[in-house]
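Novice: So the sequence lines, in the order shown, correspond to chains U and Y. Going by full-length UniProt numbering, the residue at position 61 of the first sequence is 61; the numbering climbs one at a time, nothing skipped. Going by full-length UniProt numbering, the residue at position 283 of the second sequence is 283; the numbering climbs one at a time, nothing skipped.
Treat the hints with care, as some may be off.
Taking lysine-lysine pairs in the DSSO-like style, the calculated list, with each CA pair at most 30 Å apart, reads [said to hold, decoys possible]:
#1 Y/Lys174 / Y/Lys234
#2 Y/Lys292 / U/Lys94
#3 Y/Lys174 / U/Lys130
#4 U/Lys7 / U/Lys74
#5 U/Lys101 / Y/Lys292
#6 Y/Lys292 / Y/Lys174
#7 U/Lys210 / U/Lys7
#8 U/Lys167 / U/Lys74
#9 U/Lys94 / U/Lys153
So, partial list: chain U residues that the calculated Cβ filter (under 8 Å) puts toward chain Y [said to hold, decoys possible]:
#10 Ala50
#11 Leu52
#12 Asn68
#13 Leu70
#14 Pro71
#15 Pro72
#16 Met79
#17 Phe81
#18 Tyr87
#19 Tyr98
#20 Lys102
#21 Arg103
#22 Gln110
#23 Gly111
#24 Pro112
#25 Ala115
None of these hints come from the bench; they were simulated from the model. Each residue gets a CB set at the ideal place from its N, CA and C atoms; glycine is no exception.
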Amino acid sequence: MADVVFKNVHKKFGDFIAVEGLDLSIEEGEFVSLLGPSGCGKTTTLRMLAGLEFPSSGEISIGDRVVNDLPPGKRDIAMVFQSYALYPHMSVEKNIAYPLKKRGVPRSEQGPMIARVAEMLQLTPLLSRKPRQLSGGQQQRVALGRALVRDPKVFLLDEPLSNLDAKLRGIMRAELVELHQRLGRTMVYVTHDQLEAMTMSDRIAVMYDKKLQQFAPPQEVYREPANRFVAGFIGMPSMNLIDGDLSQEGDRWMFRSGSISVPVGPLVADARGGEACLGVRPENLLLGEGPTPAVVQLVERTGHENIVVVEIEGGLRMTGRVPASTDWKTGETIQMSIQSEAAHVFAAGPTGRRLNIASVAVRP
Amino acid sequence: MIKNKQTKLERHYATLGMMLIAPTVLVFCAVIVYPLVSAIYLSLFDIYTPTLQGEWVGLDNYRELLGKGEFWASLRTNLIWTVGTLSLQILFGIGMALVLHQNIWFRSLARSLILFPYFISTVVAVLVWRWLFNDLYGILNHLMMAAGLIDMPVDYLGSMPNAMISVILVGAWKYFPFVVIAVLARLQTIPDSLYEAARIDGAGPVARFFDITLPQLRDVLVVIIMLRAIWDFKEFDLIFLLTGGGPVTSTQTLPLLVYKEAFSLNNMGMAAAYAVAMMAVMLVFMILYIRKTGEKDA
Ligand SMILES: Nc1ncnc2c1ncn2[C@@H]1O[C@H](COP(=O)(O)OP(=O)(O)O)[C@@H](O)[C@H]1O
Ligand SMILES: [Mg+2]
């Protein structure tokens with residue numbers, strides 16, 4: 001059963017549209033990430049769900065209730081803020097106890113509930129400290145504790161890890177996933193970090209330019225991006241996106257751009273020839289073999305692999321990933337080809353839809 | 001070798017440091033220590049104000065002062081005035097700051113207007129208030145009689161407790177803008193996310209005020225209360241002009257008593273003793289206050 005539903009939700013700030021025509025249906029117990037570049041409307045979406053902003057039109061429901069007119073305190077949600085928003089003058093214990101206190105949970109019952117959460121988040125030794133006496137990671141835990149203590153129906157998290165250092169982020173990611181599995185509660189997680197979204201989510205809602213672009217499990221978002229924006233946004237390094245021309249030759253579709261000419265397909269029934277975009281993941285760019293000569297521009301060594309940027313005739317640059325054992329130098333000319341059966345085709349425009357049907361094969 | 005060099009450098013910095021703070025120390029001595037010492041010095045003499053001639057009497061002035069009912073009465077009046085006007089200033093100040101913090105359309109205009117009482121000169125303000133308060137042709141009496149609230153004109157400044165209440169109210173009116181501005185400045189720095197977190201945690205408007213706003217204002221209130229308490233305690237012109245300490249001596253605070261001793265009774269030595277005693281009282285209160293507010297923080 002759907003737990004959180006957005007039905008054609010719009011949000012305007014004055015004349016400025018922040019979220020447009022959002023339809024989203026989140027299942028009970030699901031971990032969903034709202035992923036997208038800064039300013040695309042993720043936080044606004046989350047805040048509407050929290051009741052901190054009200055939609056200009058459309059309907060939001062939690063459980064079976066339409067919550068459009070419910071204040072935040074009545075929505076049975078908890079939220080973790082990017083800035084943590086801990087009450088600075090209250091001890092850790094009082095911070096965690098606050099939502100209980102405000103909901104009239106008797107004092108005698110508060111104790112065990114706080115103790116359970118503190119235990120779970122390893123906050124027990126810190127209970128009497130003030131927030132400013134804690135490290136960023138500890139403050140983060142307290143913010144989580146304050147959200148967890150009440151066992152709400154839906155958890156909302158707005159970039160909760162963005163203020164932590166890389167290592168701690170990795171640890172907290174794993175802890176959040178574990179926490180989600182243990183609690184089995186619906187979680188809506190806002191992030192601009194695709195690694196977080198990819199590793200933690202059951203499904204990812206990719207947003208761009210006020211609109212939802214795709215809502216699918218991480219693997220699907222990666223393998224079958226719904227449009228050109230999603231294709232370019234998901235994946236590190238990004239997918240190579242080559243603008244060119246699509247034409248039908250007999251029963252085959254061909255994509256051409258400069259010296260590149262690849263057979264593509266099968267395509268959707270209503271695909272038309274003309275301007276289009278070819279998408280090739282770096283792992284589907286075969287470097288060191290093939291018909292096309294390319295000049296090495298840059299080699300980035302990450303340790304376990306090398307990221308190589310090459311330039312072909314016509315000035316087109318593409319990125320490939322190769323084993324760390326290759327040792328090409330900048331300026332060296334190598335051969336390359338595109339694994340055409342793994343290529344995507346998109347219609348023209350920044351959010352041109354995907355035209356190829358078959359799920360893309362991965363490199364053997 | 002290296003060690004030697006370092007100490008030389010350190011010595012150089014020490015000298016430089018002395019030179020840099022020397023002007024401050026000199027000014028401090030000239031404007032604070034000198035008057036303070038001379039006040040204490042004067043209080044040990046019996047001085048006739050017009051000639052400033054007098055003879056050494058030691059601690060006699062203090063002995064007389066402590067034995068006199070007038071000192072204790074004035075101290076009591078002073079405390080009533082200070083506590084009364086300060087509480088109203090804080091109450092109105094916070095209330096008005098909260099109102100002006102809302103998104104109301106006339107906010108920027110109101111923010112400027114609110115400073116008006118604080119800006120106008122005390123003499124002008126008091127003249128206006130005396131007019132309003134006038135028992136024969138004051139508009140206050142006129143309006144209240146017209147509204148049927150009173151049958152007889154009220155004597156606002158010439159009877160007790162009316163005089164004290166009037167003085168306290170005018171003091172509150174004159175100085176609450178200071179509190180408004182200081183509190184408003186602090187309100188604007190409280191992160192919205194704290195209020196949002198509290199709303200999600202189920203706190204209503206009243207709970208948010210007491211659980212978020214007030215604790216956040218605590219530090220600024222400590223400073224405001226301290227400054228205003230000092231200023232109100234030694235307030236002279238407003239009370240002197242409004243009631244002159246009357247009726248009889250019922251609004252005669254310590255600064256008015258000092259003035260009376262020095263320039264009506266021509267007892268400069270005695271006046272100095274009152275001033276020093278007044279300072280001692282303030283000092284005791286301030287120390288207690290700082291102790292108490294410091295404690296809670298720990
Ligand atoms: N209260 C507001 N008033 C006006 N514009 C806003 C407000 N909140 C957000 N916006 C605008 O809405 C857009 C989306 O913001 P937001 O949802 O915070 O983006 P994201 O979280 O994806 O970075 C931004 O362009 C932002 O400037
Ligand atoms: Mg955001």
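Novice: Hint check: is the beta carbon of tyrosine 98 of chain U less than 8 Å from a beta carbon of chain Y?
Specialist: Hint on tyrosine 98 of chain U: holds, closest Cβ of chain Y at ~5 Å, below 8 Å.
Novice: Does the CB of glutamine 110 of chain U sit less than 8 Å away from some CB of chain Y?
Specialist: With Cβ-Cβ at 13 Å, over 8 Å, it is violated.
Novice: Holds or violated: is the Cβ of proline 72 of chain U closer than 8 Å to a Cβ in chain Y?
Specialist: Check passed: Cβ of proline 72 of chain U comes within 5 Å of chain Y, closer than 8 Å.
Novice: Quick one, are lysine 292 of chain Y and lysine 94 of chain U close enough, alpha carbons at most 30 Å?
Specialist: Judged against 30 Å, a Cα distance of about 23 Å means the pair holds.
Novice: Tell me if alanine 50 of chain U is really an interface residue toward chain Y, meaning its C-beta lies closer than 8 Å to one of theirs.
Specialist: holds, 6 Å
Novice: CA of lysine 210 of chain U to CA of lysine 7 of chain U, is that 30 Å or under?
Specialist: holds, 15 Å
Novice: Could you check if lysine 102 of chain U really has its C-beta closer than 8 Å to a C-beta on chain Y?
Specialist: Where the cut-off is 8 Å and the nearest Cβ of chain Y is about 4 Å from lysine 102 of chain U, the hint holds.
Novice: With the threshold set at 30 Å, check whether the alpha-carbon distance from lysine 174 of chain Y to lysine 234 of chain Y stays at or below it.
Specialist: Between lysine 174 of chain Y and lysine 234 of chain Y the Cα gap is close to 15 Å, so the pair holds against 30 Å.
Novice: With the threshold set at 30 Å, check whether the alpha-carbon distance from lysine 174 of chain Y to lysine 130 of chain U stays at or below it.
Specialist: violated, 39 Å
Novice: Under 8 Å, Cβ to Cβ, is where asparagine 68 of chain U needs to be relative to chain Y, so tell me if that hint holds or is violated.
Specialist: Violated. Min distance 16 Å.
Novice: For the pair supplied as a hint, lysine 94 of chain U and lysine 153 of chain U, confirm whether the alpha-carbon distance does not exceed 30 Å.
Specialist: Between lysine 94 of chain U and lysine 153 of chain U the Cα gap is close to 22 Å, so the pair holds against 30 Å.
Novice: Was the hint right that glycine 111 of chain U lines chain Y, CB cutoff 8 Å?
Specialist: Where the cut-off is 8 Å and the nearest Cβ of chain Y is about 18 Å from glycine 111 of chain U, the hint is violated.
In the structure shown, a violation is registered for the earlier hints numbered 3, 8, 12, 13, 22, 23, 24 and 25, in ascending order.
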